[in-house]
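Chains as they are written, first to last, in the numbering used here: chain Z, 1 to 314; chain U, 1 to 224.
Treat the hints loosely; a few may be bogus.
Stated by the list, open to error - Derived EDC-like pairs: lysine to aspartate or glutamate, alpha-carbon spacing no greater than 20 angstroms straight-line:
1. Lys233/Z to Glu39/U
2. Lys62/U to Glu196/Z
3. Lys63/U to Asp304/Z
4. Lys233/Z to Asp101/U
5. Lys69/U to Glu292/Z
FYI, nobody ran anything at the bench for these hints, they're computed from the structure.
Residues per chain are reported as follows:
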Amino acid sequence: MSKNYFEIKRAGINTTFQDQGRNNLYHIGIPFSGAMDNRNFQISNKLVGNDLNSPTIEFAYQGPLLKYFGDNINFAISGDVKFMVQKKNKVIEGNCYQSFTLENGDEIDIVTTNKSVYGYLAVSGQLDLNYQWSSCSINTKANIGANNGKKIEDGKKIYISKINKNLNDKKLNYINTKIENIRVIQGTNFDYFSDEGKNIFFEREFTVSKLTDRMGMRLEGPKIENIVDTNIKSEGLIKGVIQVPADGNPIIMLSDHGTIGGYPKIGVVISADYDKLVQLTPGSKIKFKKVELADAEVLFKLYDLETQNLISQI
Amino acid sequence: MIKNISNLGDAALYCDFGTEVNKEINTKVIQYFKSIQQENIDGINNLTPSYNKLIISFDLRKKNFKTLKKLIENLEVINQDKLVSNKIKIPVCCHEKFALDIKRLEEKLKISRDKIYEKFFSKEFFCYMTGFIAGMPFLGDLDHELRVKRLETPRVKVPKGSVGLTEQFANVYTFESPGGWNIIGNTPRIIFDNSKESEPNLINPGDTIIFEQMTQDQYKDYNE
Numbered sequence: 001m002s003k004n005y006f007e008i009k010r011a012g013i014n015t016t017f018q019d020q021g022r023n024n025l026y027h028i029g030i031p032f033s034g035a036m037d038n039r040n041f042q043i044s045n046k047l048v049g050n051d052l053n054s055p056t057i058e059f060a061y062q063g064p065l066l067k068y069f070g071d072n073i074n075f076a077i078s079g080d081v082k083f084m085v086q087k088k089n090k091v092i093e094g095n096c097y098q099s100f101t102l103e104n105g106d107e108i109d110i111v112t113t114n115k116s117v118y119g120y121l122a123v124s125g126q127l128d129l130n131y132q133w134s135s136c137s138i139n140t141k142a143n144i145g146a147n148n149g150k151k152i153e154d155g156k157k158i159y160i161s162k163i164n165k166n167l168n169d170k171k172l173n174y175i176n177t178k179i180e181n182i183r184v185i186q187g188t189n190f191d192y193f194s195d196e197g198k199n200i201f202f203e204r205e206f207t208v209s210k211l212t213d214r215m216g217m218r219l220e221g222p223k224i225e226n227i228v229d230t231n232i233k234s235e236g237l238i239k240g241v242i243q244v245p246a247d248g249n250p251i252i253m254l255s256d257h258g259t260i261g262g263y264p265k266i267g268v269v270i271s272a273d274y275d276k277l278v279q280l281t282p283g284s285k286i287k288f289k290k291v292e293l294a295d296a297e298v299l300f301k302l303y304d305l306e307t308q309n310l311i312s313q314i
Numbered sequence: 001m002i003k004n005i006s007n008l009g010d011a012a013l014y015c016d017f018g019t020e021v022n023k024e025i026n027t028k029v030i031q032y033f034k035s036i037q038q039e040n041i042d043g044i045n046n047l048t049p050s051y052n053k054l055i056i057s058f059d060l061r062k063k064n065f066k067t068l069k070k071l072i073e074n075l076e077v078i079n080q081d082k083l084v085s086n087k088i089k090i091p092v093c094c095h096e097k098f099a100l101d102i103k104r105l106e107e108k109l110k111i112s113r114d115k116i117y118e119k120f121f122s123k124e125f126f127c128y129m130t131g132f133i134a135g136m137p138f139l140g141d142l143d144h145e146l147r148v149k150r151l152e153t154p155r156v157k158v159p160k161g162s163v164g165l166t167e168q169f170a171n172v173y174t175f176e177s178p179g180g181w182n183i184i185g186n187t188p189r190i191i192f193d194n195s196k197e198s199e200p201n202l203i204n205p206g207d208t209i210i211f212e213q214m215t216q217d218q219y220k221d222y223n224e
């Protein structure tokens, strides 16, 4: 066991270890998982000099309170997060997108995410975690990944090895922007819905409901009328698919989604908007905007370039 | 053999093999699934075969819809008789404490539980697909007289190992999970083992499944 570790004094609401997720397992029922907001996940790693896909601590709303024991280490938090660093005799208000040095006995208190859902904590070293199918990402539904596939718990320890001794301070000037318009491509069952239902989908406002987690985002708003069949023969799903069950309220599949579903698919969120989508808190209003495949491909290229550009500024 | 390939969003191919659910169409889906798996095409990050569809998702940094569609259309498909299929026996205990919905089935189907079990256990099942939750097999086809809809209100928790029926299908809950299938028994056999990285699933698409009734004592003493 490594001599460097965090003691988890408070686990937070939904704190898990996440990396880039796992591929090629949908056919046996295991979803992609991985960090929900991939851009912020990668930025947090770059800020502490790690490989971009190293495991991080992902938290939602209230994050963990961690006490550190060991050699000096850097950490950084990405997202839109209020947090404090408790040093021996002072408390520092933390800034996102900036590395801090932790000394033996210091504490990080992640109070809350501001008007967003997920944040990432990366440390300049390697979190000692179990891997399953080459990923440590925790999937609490199938109990897969680090920590036996369970959320992190109070009183446990997180061990860190291979600390990077070169503790350069790093910083990025970046502010997360929010979006209200989510761009979608028509789904494979678009014609299952009435003309009025289609219009509602693209023109009216929906509200993100409280029944939203890493598996899916449920929306409330005007009902979308189905005129063909409220069930389809079960078939595969991917991240971003918007299903409409019999009650007419859309559900968007997120990173831990069930791999197969039997509700008609009205649309699919474009890849470029996924990171922003997952950050929408319950109560947020959203509208769907229709785009064509070719535009979605260009928009993703631009988004990806922007991410790479941000990372290269660190 | 694929009737149509369209896009599901910007990072997946939606391969449509038809609308029917039968062994013949599903075998074609599995042929494609295994062929693409063998090809190891760079950029493909997931394949999801189901009754009559195959979804191929990909990394938009490496591939796009057009190029991948062309690749799939020109793919050489492995022969049907090269598909590996296993015959797997699943023991099931039908004691009242496991058979949560047997009374409901008697009422809905208007046949006795003895008859229900006789028909269920005399059938060989075909695995169409696995998924929804890790390792859950979708098996068919049930005897016509055993076909019922899902529960009107799904259970919040279906116990692990529960064997359920709905429409023309049977399945096994590999984890405790919410669900609406009609539960007729429970198996002690492990269907999904996440400690095995190479083959966590006991049952794979194309396999033949035979359910065998076991007593409560056999259930208690069961050892794999």
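Okay, the hints, checked on the actual structure:
Under the criterion of a C-alpha separation no larger than 20 angstroms, the hint pairing Lys233/Z with Glu39/U is inconsistent with the structure, at around 28 angstroms. About 38 angstroms separates the Cα atoms of Lys62/U and Glu196/Z, which puts this hinted pair outside 20 angstroms; it is violated. Distance check on the hinted pair: Lys63/U and Asp304/Z sit about 14 angstroms apart at the alpha-carbon level, within 20 angstroms; holds. Proximity of Lys233/Z to Asp101/U is assessed by CA-CA distance (about 23 angstroms); at most 20 angstroms being required, the pair is judged violated.
With a CA separation close to 17 angstroms, the supplied pair Lys69/U and Glu292/Z stays within the 20 angstroms bound.
The structure is inconsistent with the numbered hints 1, 2, 4, although it conforms to all the rest.
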